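Undergrad: The residues making up each chain are set out below.
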Amino acid sequence: MAALAWLEPLWAFSFMQRALLGCVLLSLSAAPVGVFLMLRRMSLTGDAMAHAILPGAAVGFLISGLSLGAMTLGGIVAGLVVAVASGLVARSTLLREDTSLAAFYLLSLALGVLIISTYGSQVDLLHVLFGTVLALDDTALGLLLGIALITLLGMRLLYRALVLECLDPDFLRAHSPRWSALAHYGFLVLVVINLVAGFHALGTLMAVAIMVLPAAAARFWVRRIESLLWLAPALALSCCVAGLLLSYHADWPTSPAIVLALGALWLSSMIFGRFGVWRQRLVSTVHLKG
Amino acid sequence: MKRRIFGQRLLVGLGWGSAAWATGAAAAAASGATAGPAAATAASTALPVVASFSILGDLVQQVGGDRVQMTQLIGPDSDAHVFQPRPAQARQVGQARLVFSNGLGFEGWMPRLLQSANFRGQHVVLSRGIEPLRNHGHGHGHGHGHGHGHGHGHAHGEHDPHAWQNVAHVRVYVRNIADALCAADAAGCDFYRQRAQAYDAVLAQLDADIRAAWAPIDPGQRRVIVAHDAFAYYGQAYGVRFMAARGVSADSEPTARGIARLVRQIREERIRALFVENVTDPRLIEQIGRETGLRPAGRLYSDALSAPGGAAPTYVEMLRHNTQALTRAVAGV
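Listed in order, the protein sequences are those of chains A and B. FYI, this note's numbering numbers position 187 of the first sequence as 187, with every residue one higher than the one before it. FYI, this note's numbering numbers position 324 of the second sequence as 1324, with every residue one higher than the one before it.
Chain A extracted, bound-state conformation (with noise of 0.2 angstroms):
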């Protein structure tokens, strides 16, 4: 009885029914997209696209004021255009990815910041975009249950090409371009559509938490991909719901408090996990005796 007293206030109030759908919805698309993220070692993309996706946004917010749709679609449009030109360099010149895109986000970046000193008016553009989770209304989750039915569209779509992508990217360049190109930029496509829905749900820094550490923590547990995409949607689900919980009976900020229970389950995963430091050494330690 006692703990369902403590489940209560997730139907007992609106906004926290509605909270918890937008974190269903975010953890279905965001958690399977923080896997392959992981496993292309482009886990710090999700915080460069953070920064890409800020002049498309101003852009948006001063063609129509403080309207969702324009900001998205700004946003949206910005990180794309970051995430295809970095692609594209990367595929076609001597730069790798990671250099191509750090150029390009912060080209972007200034861009954005010029925009917005020159132009704007001072109303916290990044507060009004970047919401939180608690004040989700009809318009965002629309927008989350949107990217994420796109997401899992594309990725399974996508699948086949995008696990070669990840493991062997030579190989798939090699024997079919086209698959790996398609596989590359949806990929991109993905991400930052998953970002921009984590922006709106629950600020930046969020967004890249919950694609980043619930395939940080899967990864400790288990091995193959199939089951990374099934472990890390859930573990996201439940550490949002302890954050959100947290968030109502300690008094915390909501962002924050999903953020430290998927920090809290990263650490414990990495330590008590299958493949963790803890067992790993016992049975390393035990081996050497036998």
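Warning: the hint list may mix true and false statements.
[Unchecked claim] Pair ranges (Cβ atoms, derived): (1) Ser-227(A) - Arg-1295(B): 46 to 56 angstroms; (2) Pro-1219(B) - Ile-271(A): 52 to 62 angstroms; (3) Gln-17(A) - Arg-1295(B): 12 to 22 angstroms; (4) Gly-142(A) - Gly-1293(B): 14 to 24 angstroms.
[Said to hold, decoys possible] Just a sample of chain B residues kept apart from chain A, beta carbon distances all over 10 angstroms, derived: (5) Ile-1130; (6) Asp-1179; (7) Phe-1191; (8) Ile-1217; (9) Arg-1222; (10) Gly-1309; (11) Ala-1311.
The hints are simulated quantities; they were obtained by calculation from the structure and are not laboratory data. Just so it is clear, the structure is predicted and the values come from calculations on it, not from any experiment. Every residue gets a Cβ at the ideal spot worked out from N, C-alpha and C, and that includes glycine.
Here the structure of chain A is known, so what remains is to put chain B in place on it, guided by the hints.
TA: Relative to the frame of chain A, chain B by itself:
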């Protein structure tokens, strides 16, 4: 918050780094930094002064008339919590004889701007001489974001800076403005005193009108939900209880418990007045409205005036607008 602090630092870094590069952006900046009506007519002889944000700008203009050439750093409908100075503004500050700020930690960026702009005039803190309220909020200090971002976030959380919401305090502001203008421009002293006196009469009338507007409303009924905790001085002066969805700064992140507390309070105490503000994100208030079946009763002006032609282009009109909106919503008209 981390994100905000990081972002601020980035933006601030860019802002300061380019402060020396002033000329190019000057034309663009002039459209944003509102020059008073005096700028065109008496630009050559007028006293160059800078006010930190739109409300102070209006007050200084009321006293200074066309003997001052006014620049506002933060224009109408803009949030002082997130201000970044432009190079042209740094130059205007450097050339100003007087800089007016509110103080009480509202403009955490001011000391650094004055220093880097090489300001040689008098910095006038208008809240000097009033009795500040302590911050009660939810423990979120004012200047949470920018305080840390600028590296001098020490005592910002101590007092609530929104003192202008009490007309009695603004009468002190106006006296401080007149004193400062007299000290800087002795020849115009009579002029300033006269204008300050006339404006003080307007403010006294405003104060009386606000009290009269609230008088018929039962004190137990005077409860209002707002987005951020900017109305404590108004509440104290006119006997209204304000409850905020966020802390005292528009910056601080809301907690699930805080929102749930407000929702319960609205239901149990049958609160009818729910407001959005001109400088904060309306979505949180709208969410609370959906939860409780209340429709936001309108828009309050807290930390900035509206643009000319809006509902609150001057300080007096701002308080009249807020009072009318509040009393109507509370009385359920």
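Undergrad: Hint by hint, note whether the structure agrees.
TA: Outcome of the hint check:
For Ser-227(A) and Arg-1295(B), the hinted distance range of 46 to 56 angstroms is satisfied, since their beta carbons lie about 49 angstroms from each other. With their beta carbons about 58 angstroms apart, Pro-1219(B) and Ile-271(A) fall inside the hinted range of 52 to 62 angstroms. At about 20 angstroms, the beta-carbon gap between Gln-17(A) and Arg-1295(B) stays in the expected band of 12 to 22 angstroms. Between Gly-142(A) and Gly-1293(B) the Cβ separation comes to about 22 angstroms, which falls inside the hinted range of 14 to 24 angstroms.
With a closest Cβ-Cβ approach of about 26 angstroms to chain A, Ile-1130(B) is found to remain outside the 10 angstroms limit, as its non-interface label requires. No beta-carbon of chain A comes within 10 angstroms of the beta-carbon of Asp-1179(B); the shortest separation is about 29 angstroms. The Cβ of Phe-1191(B) lies farther than 10 angstroms from every Cβ of chain A, with a closest approach of about 33 angstroms, so its non-interface assignment holds. At roughly 29 angstroms, the least C-beta separation between Ile-1217(B) and chain A is larger than 10 angstroms, which holds for a residue marked as non-interface.
Against chain A, the non-interface label of Arg-1222(B) holds: every CB pair exceeds 10 angstroms, the least being about 26 angstroms. Every Cβ of chain A is farther than 10 angstroms from the Cβ of Gly-1309(B); the closest lies at roughly 15 angstroms, confirming the non-interface assignment. Residue-level check passed: Ala-1311(B) sits 16 angstroms from the nearest beta carbon of chain A, beyond 10 angstroms.
Hint check: no violations occur; every hint is consistent with the structure.
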